[in-house]
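Trainee: All chains, full assembly: derive it from the sequences and hints.
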Amino acid sequence: MPLLLEDLAEETSASNRRLADRLDAEVQDLAERRSLSAREDLSAKGLDLAHLAIDFAISRVPQAEGLMRSAVAELRKEPTGDSAEGLLQAMLHAFESCQRLVRAARSFWLCFEQSGVVPERFDELDRAERRFEELAADAKLALEHRAGDWRPADPARLALGLQQAREGKTVKAEEARSWFRGAKS
Amino acid sequence: MRYHVELVALVREYLEQVEGLTDDDRAAIVDGVIEELSRDADRFLALRPLAHESFCFLYDYPHLTEKTLYDFDFVVDAQHLEMGVVRVVYVECTVKPSR
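As you go down the protein sequences, you meet chains A and B in turn. Sequence positions in the first sequence follow the numbering used here and run 1 to 185. Sequence positions in the second sequence follow the numbering used here and run 1001 to 1099.
Be aware that a few hints might be false.
Distance condition first, Cα-Cα at most 16 Å in a straight line; then the derived EDC-like pairs of lysine to aspartate or glutamate [what the hints assert, rightly or not]:
| hint | chain 1 | residue 1 | chain 2 | residue 2 |
| --- | --- | --- | --- | --- |
| 1 | A | 77 | B | 1082 |
| 2 | B | 1096 | B | 1071 |
| 3 | A | 140 | A | 85 |
| 4 | A | 140 | A | 96 |
| 5 | B | 1096 | B | 1066 |
| 6 | B | 1096 | B | 1060 |
| 7 | B | 1067 | B | 1019 |
| 8 | B | 1067 | B | 1013 |
| 9 | B | 1096 | B | 1082 |
| 10 | A | 172 | B | 1025 |
| 11 | A | 140 | B | 1036 |
| 12 | B | 1096 | B | 1042 |
| 13 | A | 169 | B | 1060 |
| 14 | A | 172 | B | 1035 |
| 15 | A | 77 | B | 1042 |
Computed beta-carbon distance windows for the label pairs [claimed, not checked]:
| hint | chain 1 | residue 1 | chain 2 | residue 2 | range |
| --- | --- | --- | --- | --- | --- |
| 16 | A | 140 | B | 1031 | 35 to 45 Å |
| 17 | A | 31 | B | 1079 | 26 to 36 Å |
| 18 | A | 47 | B | 1095 | 32 to 42 Å |
| 19 | B | 1035 | A | 52 | 34 to 44 Å |
| 20 | B | 1019 | A | 22 | 22 to 32 Å |
| 21 | B | 1024 | A | 33 | 52 to 62 Å |
| 22 | A | 66 | B | 1097 | 39 to 49 Å |
| 23 | B | 1095 | A | 80 | 21 to 31 Å |
| 24 | A | 8 | B | 1009 | 40 to 50 Å |
| 25 | B | 1001 | A | 167 | 23 to 33 Å |
| 26 | B | 1062 | A | 181 | 20 to 30 Å |
| 27 | B | 1024 | A | 147 | 29 to 39 Å |
| 28 | B | 1022 | A | 49 | 30 to 40 Å |
| 29 | B | 1024 | A | 66 | 14 to 24 Å |
Selected chain B positions facing chain A (in silico; Cβ < 10 Å) [what the hints assert, rightly or not]:
| hint | residue |
| --- | --- |
| 30 | 1004 |
| 31 | 1005 |
| 32 | 1006 |
| 33 | 1028 |
| 34 | 1033 |
| 35 | 1070 |
| 36 | 1071 |
| 37 | 1091 |
| 38 | 1095 |
It is worth saying that the hints were derived from the structure and are not from the lab. From the three backbone atoms N, C-alpha and C, an ideal C-beta is built for every residue, glycine too.
Mentor: The structure is reproduced here in structure tokens:
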């Protein structure tokens, strides 16, 4: 049975898709009006929608980060198997839908820029897009990792390292940081 | 939460014998690994657990020099994660030209 968290991620994907579709349709509509030389003043209503789209896309960042934090907590309990992979797939779709929403919001705003309206909050939108890219990359890597079944090139050395760690034969970070300092190669 | 990162001597021995790295490169790699693991070890354990070694995870660290991309795979023992300690027990590296 899918986790509630998976349902939340899928709801996020669905609502992002709906808004992105709406914005894409608005962009198409504006483009068609131009091609018919029936360009009219862009209404305050349209600008309100542009502001709303930007606000909404940026507000998805803390929500997406919260989803990932919750997913990490769930994966700690059950790191592998169908349930873990289903959850990661739902996360990946949610983060990709956030990226699409950002792109749709930016495209919509650019329609207004062509009419002399200065775009607002694009730097925040760029940061949001980078964050969604990072989150999507994490989810994608986690899925690839589960599909790949990584094995060490030198299993004996891994076994020895694990044995040493479990016997407490380790050095602390402060000492390790000094390993290659002092003698220059 | 910040995690205390510990390393086994085998990791040092391996880094020493990777050809083409300077000691500055090696120090930067050790610093980078410690910094990222101390911040996000729980996230890495959740995202990249090792199926065949319980409480271990794979951690990838790329290091780029002028001519070469060194792609390190570290294995980290998270058996004592709840006590705030993770231990780097293994490393291997693949090398690719950077351009």
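Trainee: Please go over all the hints and tell whether each is borne out by the structure.
Mentor: Checked hints:
A hinted pair counts as satisfied when its Cα atoms are at most 16 Å apart, and residue 77/A with residue 1082/B qualifies at roughly 13 Å. Taking the CA atoms of residue 1096/B and residue 1071/B, the gap is near 8 Å; set against the 16 Å cutoff, the hint holds. Annotation: proposed proximity of residue 140/A to residue 85/A holds, straight-line Cα distance about 10 Å (limit 16 Å). For the hint linking residue 140/A to residue 96/A, the alpha-carbon distance of about 10 Å falls within 16 Å, and the restraint holds.
Restraint check for residue 1096/B and residue 1066/B: satisfied, since their Cα atoms lie roughly 12 Å apart, inside the 16 Å limit. Of the pairs offered as hints, the one joining residue 1096/B and residue 1060/B holds, with about 15 Å between alpha carbons and a cut-off of 16 Å not exceeded. Note on residue 1067/B and residue 1019/B: the hinted pairing holds, with a Cα-Cα distance of about 13 Å set against a maximum of 16 Å. Proposed proximity of residue 1067/B and residue 1013/B is contradicted: the alpha carbons are some 23 Å apart, above 16 Å.
For a cut-off of 16 Å, the pair hint linking residue 1096/B to residue 1082/B is broken: about 37 Å separates their Cα positions. The suggested pairing of residue 172/A with residue 1025/B is violated, with an alpha-carbon distance near 20 Å, which exceeds 16 Å. Between residue 140/A and residue 1036/B, the direct Cα distance comes to roughly 19 Å. Violation of the 16 Å bound is thereby established for this hinted pair. Taken as a hint, the residue 1096/B and residue 1042/B pair is broken in the structure, with Cα atoms around 29 Å apart against an allowance of 16 Å.
Simply put, residue 169/A and residue 1060/B have alpha-carbon atoms about 23 Å apart, too far for the 16 Å limit, and the pair is violated. Taking the CA atoms of residue 172/A and residue 1035/B, the gap is near 13 Å; set against the 16 Å cutoff, the hint holds. At most 16 Å may separate the alpha-carbon atoms for a hinted pair to count; residue 77/A and residue 1042/B meet this at roughly 12 Å. Taken as a hint, the range 35 to 45 Å is violated for the pair residue 140/A and residue 1031/B, whose Cβ atoms sit roughly 27 Å apart.
With their beta carbons about 59 Å apart, residue 31/A and residue 1079/B fall outside the hinted range of 26 to 36 Å. Take residue 47/A and residue 1095/B: their Cβ atoms lie about 53 Å apart, and the range 32 to 42 Å is violated. The hinted range of 34 to 44 Å is satisfied by residue 1035/B and residue 52/A, whose Cβ atoms lie roughly 39 Å apart. The hinted window of 22 to 32 Å between residue 1019/B and residue 22/A is violated, with their beta carbons roughly 56 Å apart.
Residue 1024/B and residue 33/A have their C-beta atoms about 60 Å apart, which keeps the hinted 52 to 62 Å range intact. At roughly 41 Å, the beta carbons of residue 66/A and residue 1097/B sit within the given window of 39 to 49 Å. In this structure the supplied range 21 to 31 Å holds for residue 1095/B paired with residue 80/A, their Cβ-Cβ distance being about 30 Å. Residue 8/A and residue 1009/B have their C-beta atoms about 45 Å apart, which keeps the hinted 40 to 50 Å range intact.
Taking 23 to 33 Å as the suggested C-beta distance range, the pair residue 1001/B and residue 167/A conforms, at roughly 25 Å. For residue 1062/B and residue 181/A, the hinted distance range of 20 to 30 Å is satisfied, since their beta carbons lie about 22 Å from each other. A hinted range of 29 to 39 Å for the beta carbons of residue 1024/B and residue 147/A is consistent with their spacing of about 36 Å. At roughly 55 Å, the beta-carbon separation of residue 1022/B and residue 49/A lies outside the given 30 to 40 Å, and the hint is violated.
Checked against the given bound of 14 to 24 Å, the beta carbons of residue 1024/B and residue 66/A, roughly 39 Å apart, lie outside it. Here the hint on residue 1004/B is kept, as its CB sits about 7 Å from the closest CB of chain A, short of 10 Å. The beta carbon of residue 1005/B is positioned within 10 Å of a beta carbon in chain A (closest approach about 5 Å), and the interface hint is therefore held. A distance limit of 10 Å between C-beta atoms decides the matter here; for residue 1006/B the minimum to chain A is near 4 Å, and the interface restraint holds.
Proximity of residue 1028/B to chain A holds as hinted, the smallest CB-CB distance being about 9 Å (cut-off 10 Å). Hint status for residue 1033/B: holds, given a least beta-carbon distance of 9 Å to chain A, under 10 Å. The interface hint given for residue 1070/B is violated, since its Cβ lies 14 Å from the closest Cβ of chain A, which is over the 10 Å cut-off. For the restraint placing residue 1071/B at the interface with chain A, the shortest Cβ-Cβ distance is roughly 13 Å, beyond the 10 Å limit, so the hint is violated.
Checking residue 1091/B against chain A by beta carbon gives a least distance of about 9 Å; that is within 10 Å, so the hint holds. The closest approach between the C-beta of residue 1095/B and any C-beta of chain A is roughly 13 Å, which is over the 10 Å cut-off, so the hint fails.
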